[in-house]
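For the sequence shown, the positions run 1 to 419 when this note's numbering is used.
Source of the hints: derived by calculation from the structure; they are not laboratory data. The beta-carbon is built from N, C-alpha and C at its ideal position, and this holds for glycine as well. Be careful, since some hints might not be right.
[Unchecked claim] Ranges between beta-carbon positions, derived for each pair:
#	residue 1	residue 2	range
1	Lys-413	Tyr-377	30 to 36 Å
2	Lys-413	Pro-18	43 to 49 Å
3	Asp-329	Ala-26	47 to 53 Å
4	Ser-90	Gln-230	22 to 28 Å
5	Arg-392	Pro-251	43 to 49 Å
6	Gly-363	Asn-75	47 to 53 Å
7	Asp-337	Glu-412	47 to 53 Å
8	Ser-56	Ile-115	21 to 27 Å
9	Arg-108	Arg-361	34 to 40 Å
10	Asp-116	Thr-10	32 to 38 Å
11	Asp-337	Pro-251	23 to 29 Å
12	Pro-251	Pro-336	50 to 56 Å
13	Asp-305	Lys-271	38 to 44 Å
14	Glu-375	Arg-225	32 to 38 Å
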Amino acid sequence: MATRTEATSTDYRHPYRPLPVKAFNALGRAAGAVGWSNALSVEALVDSAKRKTGLSDFGDDGHVEALDVLVRSMNEEAQLTATGRVVQRSRLEGALVQRLRIEELVKRHPDIQEIDLGTIIVITGLQRTGTTVLHRLLFSHPDIRGVTGFEAMEPVPAGAVNARGSAIPITRATLAQRAIGYLSPNFNAIHPMDPGEPEEDILLLDLSLMSQTPEATMHVPTYARWLEEQDQERAYEYFAKVLRILCWRHPGRHWVLKTPQHMEYLNVFLKVFPEALVVQTHRDPRKTVPSFCSMVAHGRGIFSDAVDPQEIASHWLRKTQRMVDSAMDTRVTANPDQFIDVSYYDLMDDPIGQLRRITDRAGVAFDGEAVRNAEEYLEANPQNRFGRHSYRLDDFGLDEETIDEHFSAYREKHDIPFE
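Using the sequences and the accompanying hints, generate a full structural model.
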């Protein structure tokens, strides 16, 4: 069960450390001081994944180059603690294991590639604009499927290569949730996690090693710059393949997907999922930017002792502007009927009304059980259930004028009020 914190810390430069973690990190620093290297190795990660699975085909969607750039950036720039290296090594190895299982499963069941995913509702918007609550409310609908935390962590469990619809293993997802709660008790107040709830599908994009996850959790500027220069289409095609696997294992006629990254590559998303209904959420950037910077700072503090709030703000101020600008550019030529704009303030005032708007447009009935489920979710999950998320612009060297300068066109385009 998640623990409650009254208010999150704003002392980002001194991340919380349980005593055993402090000791382990100290051992890692001592070993490094005498010349022992624990750098991540692409070759070691690949060999380990092969040994664990007995498989050798990782597929080919550009992941080899992506993994090489990412590992180099992590070794040279991220300043990971010993704990950070252990966790990141496990994460990368897990992605490679999944790739091996995915290729083997599709070879055995080529019909997976022909599955029609049905109706897709994709929620995207700047971080901290109500995307999570909207995502989980839509997921509460009995006819709408999402990617659960269990599936996001392990879309193809070991047994699933040989058996369709096998029980969902909860061990990996549950352990990950508990580990984050242990390493950063504040994090659940910022982004509540439950393996049974839908999770951001960026975790499936992670399987291509081409997602915003690394730059949101580590200082990896070389990788971040490289990623922005790449064609994302193969990564999104691979993402669609994984969704078809999930649908093959546990069918569903309607999907709700969600991650802010889709804003940056909305043109690619719509090329791969041309019939998708895009729900874009909006909130005052004076609130969303420092809130997300705080989330990033807490996340980076899990893996590194070197957390620089102003560097985080500099990176993500530019990045979030790039995301909204890219989405606005895509929408100039896209079909306007495929978009619904949802104000954060309307969502907070009348969540059921906003759900009805979205489901009506998607052609999904919203009555009876669907309404009751949504109302029960809202009652069970009040805002600040796990504590109050504290953040301030000046924590990150930001001010309102700077925010307004970066987002004036976006604010005007979507008539976003000052909060």
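Tested hints:
The hint said 30 to 36 Å for the Cβ distance between Lys-413 and Tyr-377, and at roughly 31 Å that hint holds. Roughly 45 Å separates the CB atoms of Lys-413 and Pro-18, a value that falls within the hinted 43 to 49 Å. Range check, Asp-329 to Ala-26: about 49 Å between beta-carbon atoms, so the 47 to 53 Å window is met. For Ser-90 and Gln-230, the hinted distance range of 22 to 28 Å is satisfied, since their beta carbons lie about 25 Å from each other.
With their beta carbons about 46 Å apart, Arg-392 and Pro-251 fall inside the hinted range of 43 to 49 Å. In this structure the supplied range 47 to 53 Å holds for Gly-363 paired with Asn-75, their Cβ-Cβ distance being about 49 Å. For the pair Asp-337 and Glu-412, the beta carbons lie near 23 Å from each other, so the given range of 47 to 53 Å is not met. Between Ser-56 and Ile-115 the C-beta distance comes to about 26 Å, which sits within the given range of 21 to 27 Å.
About 38 Å separates the C-beta atoms of Arg-108 and Arg-361, a value consistent with the hinted range of 34 to 40 Å. Against the hinted window of 32 to 38 Å, the Cβ-Cβ separation of Asp-116 and Thr-10 comes to about 48 Å, which falls outside the hint. About 27 Å separates the C-beta atoms of Asp-337 and Pro-251, a value consistent with the hinted range of 23 to 29 Å. Taking the beta carbon of each, Pro-251 and Pro-336 are about 31 Å apart, not inside 50 to 56 Å as hinted.
Hint check: Asp-305 to Lys-271, Cβ distance near 41 Å, so the stated range 38 to 44 Å holds. Hint check: Glu-375 to Arg-225, Cβ distance near 45 Å, so the stated range 32 to 38 Å is violated.
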